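Going down the list, the protein sequences come from chains P and Y.
Taking the UniProt record's numbering, the leading residue of the first sequence gets 1, the next gets one more, and so forth.
Taking the UniProt record's numbering, the leading residue of the second sequence gets 1, the next gets one more, and so forth.
These aren't lab readings, by the way, just hints derived from the structure by calculation.
From a predicted model like this one, the values you see are computed outputs, not experimental measurements.
There could be a bad hint or two in this list.
Which copy? The list can't say, so a pair holds if one copy fits it or any two copies do.
What the hints assert, rightly or not - Derived lysine-lysine pairs resembling DSS-like cross-links, with alpha carbons at most 25 Å apart: (1) Lys199 / Lys179; (2) Lys199 / Lys260; (3) Lys269 / Lys200; (4) Lys200 / Lys179; (5) Lys198 / Lys265.
2 protein chains.
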Amino acid sequence: MSEIRQRTSGEGDGADKQTPHLSPSTGEPDSEDSDNDDLHDFATAKGNKSPLVQAAPTGTDVTPEILDSVTKNMSQRWRSYTIRFVLSICMITSFFVLLYLGPIALVLLVMGIQLKCFSEIINIGYVVYRSQNLPWFRTLSWYFLVTANYYINGEMIIDQFGVLLQKTDFLIYFLTYHKFISISLYVAGIVAFVCSLKKKYYLRQFTLFGYTHVTLLVVAVGANFLTRLIFEGIFWFFLCTSMIICNDIWAYLFGFFFGKTPLIKLSPKKTWEGYIGGGIATLIYSVIVTSIMVQYDYLVCPIEYSLEKDGLSLDECIRNPVFVLADYVLPKSVQTLLNIVGMPMTTIQMYPITFHSMFLAAFSSLIGPFGGFFASGFKRAFRIKDFGDVFPGHGGFMDRFDCQVIMGAFMYTYVATFIRIPNPQKLLTTIFAMQPEEQLTVLHALCDNLQGKGLIDCNSVYSLR
Amino acid sequence: MSEIRQRTSGEGDGADKQTPHLSPSTGEPDSEDSDNDDLHDFATAKGNKSPLVQAAPTGTDVTPEILDSVTKNMSQRWRSYTIRFVLSICMITSFFVLLYLGPIALVLLVMGIQLKCFSEIINIGYVVYRSQNLPWFRTLSWYFLVTANYYINGEMIIDQFGVLLQKTDFLIYFLTYHKFISISLYVAGIVAFVCSLKKKYYLRQFTLFGYTHVTLLVVAVGANFLTRLIFEGIFWFFLCTSMIICNDIWAYLFGFFFGKTPLIKLSPKKTWEGYIGGGIATLIYSVIVTSIMVQYDYLVCPIEYSLEKDGLSLDECIRNPVFVLADYVLPKSVQTLLNIVGMPMTTIQMYPITFHSMFLAAFSSLIGPFGGFFASGFKRAFRIKDFGDVFPGHGGFMDRFDCQVIMGAFMYTYVATFIRIPNPQKLLTTIFAMQPEEQLTVLHALCDNLQGKGLIDCNSVYSLR
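Bound-form chain P, shown alone (with noise of 0.2 Å):
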């Protein structure tokens, strides 16, 4: 099924067809056939008889034989449906046996994911553009992820683990040089692409250097952001993994059952009905799973390094304000009614974080959505069904996960602006590298801010200087 689309081809593919009152615009090629983008000359270059067809992305469309004999005698529609279940079913269990395992096995799954989705998204590179004879291009790009990631993610380690690592000898070093040593391992990547330029493939060679560094953008940094929400809680990265999953899958279900008007032209299988079905139950979910989540401890701390435990603090947190009850007046109106109804109350108790999940939730299927349809463009510019062939009736990894690179940046920005309170022991970490005389600076500086407060009086620190 993933396979690039032949433009002279009049076949349609299996699921396009099935559900044809969802897509009144589509059927398969499109009606792009009659496509005239002169940009596509080069990559189905001269009709069929390029090699790039044959050496499309694979994809077979592969059902385990179990779904296979049992659905064999359902109609195609229904099949299609109930493989798409099962394999949600099982998607999901596995996500909470990682759940289960804590933060280290999430952080490594994302990893894992990101090796595939750039692997997926480099291929159909790769392919389209025909690059098998160009010298050294697949080593170069994933030298370029490893690099990005050596940034990114050591970046991320010092925000979060610095003290930690200011106390080995060998680790401070990694500490101190960290920036110098990305820039020079992206420099001699640069310095390796020059050298690899090769007569008549130029603009090819420039094309995929652009192509690579726009997916370590999507993959590698998106990437990051949801390892940061990872280490922020896994309360965040639960609730925005999950919102987008709660949202697909309602959106399926609401556009299958119900789906009558096109939404986008891009997806032409989305409708209105799924889109904003799906949005009322991500908002009813929110407001259920955080409520459930919050009860835990293990969910709502952020995972940090503690100095005085030397370890990392996972299970002994004083909890972020949004996840302890606060009271709330209730609108007049909402008071006399209760009380004509006999239920006399002036105030509620709830959880701040109940409004913050309401607003992600929203942000997730308004503007969430908008993920998998520049990854629908995506796949409709290249000519792709699907980004790979992973799970049967999910596409490939990055079919699954178009969506949550857009959440994750957007969640992470919010908690980081919204809900995280400054963290004494990241500021410690920068202190405590300083000169002693700095230092006392610090400190004489500091002294003078909090008796400005009354909190403090400084004459005692002063006479000791």
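Since chain P is already given, all that's left is putting chain Y on it; use the hints.
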């Protein structure tokens, strides 16, 4: 001159023909005539009938009239040389005027150059991918440039002038919500891009999306590194830019007079003689210019907001140790030698910065030119002669600043890693933004640390708890 190279055109343009001995492998359409890179098919699309070639970036190699009349009796080679020389002198003079005007003028200069470079590169993409009919492409490109600049420069301003921002009622919001505003702007850009996707143009639009992002990476990030260098001290900015200019000029001169051995196929006019001669000249230049600049506080002091003075502290500063004379013990062999010639010396006084300058000079002459090769490769890939025609004989802005990007990034990282001393001012910004209780936590942790070093007695501070 800066027009898309016509594959079928046999005519070389003037400049290339003047120096045939420097470029044995060239001769304008540089044997790429036999090029079979299919990717070019979409650029030159169906021969020469396409509007592409006509609509190529403007470029007429205009020479100012006065220069024209003075040089009209010279031979082509010397004429081109004289024009280039006079223009170089003008450019260098204006640069010194800006240097005199101070850091703000320099920042504005960098900003202006950034805009011009971005517009040059984007125009090439616009023409090469024949995107005249693409809805919103230019608007979106500039929108992403504004967003990238808002984010990158905002981060820099917060780093540099956070304390100042916190003092004003209005700018504190900018400080607090900066990252969130940035990601929201960016997500809005992605949504707009998805909405602008137009059937038949998908591949072209995605290609240009990638093209814009890579341009942003080069231009906006490059400009930001240079701006940050200005804040680290005008010394660094001047050293960075002038070393590249010096290397350019001397490599050109050495190549012009002694050049025989071609260096790299990408830039047929570059020779080993120029590369090595330019390198040696830059090394000597770096020592001389450093020993001059190091005399002026105006140049070596970082530009920071001073809490005490409530203003920018440019003229009153404690010099970084690298700008202070230090004694270096001479090697035994040199001591013996000096004894023999009757100049007994065991130590020598030098500024430590001299060694740093020499290392950076070596980088700028060995690796810096790869920025130029990269740009050459890009120009060949897109079949253009120059990025623009602003400077007769010099091409466009991007032609002059191709090496500055790589050098700026490397030098800033070098300064941040090996030169800069942690600055208490920036830390205090962050500390003062915290809750008073957390400020107390920091105070006590800091006290403990300093007590451990025997610098302070913390009991007096603890008694206030």
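Okay, the hints, checked on the actual structure:
In this assembly of identical chains, the alpha carbons of Lys199 and Lys179 never lie at most 25 Å apart, being 34 Å within a copy and 43 Å across copies at closest. Taking CA atoms no more than 25 Å apart as the test, Lys199 paired with Lys260 passes between copies only; the shortest distance there is 22 Å, against 53 Å inside one copy. Taking the closest pair of Cα atoms, Lys269 and Lys200 come within 25 Å of each other only across two copies (19 Å); inside a single copy the shortest separation is 41 Å, beyond that limit. In this assembly of identical chains, Lys200 and Lys179 lie within 25 Å of each other by CA distance neither inside one copy nor across copies; the values are 36 Å within and 43 Å between.
Only between protomers do Lys198 and Lys265 lie at most 25 Å apart by alpha-carbon distance; the minimum there is 9 Å, versus 40 Å within a single protomer.
Hint compliance for this structure: hints 1 and 4 are not met, and every other hint is.
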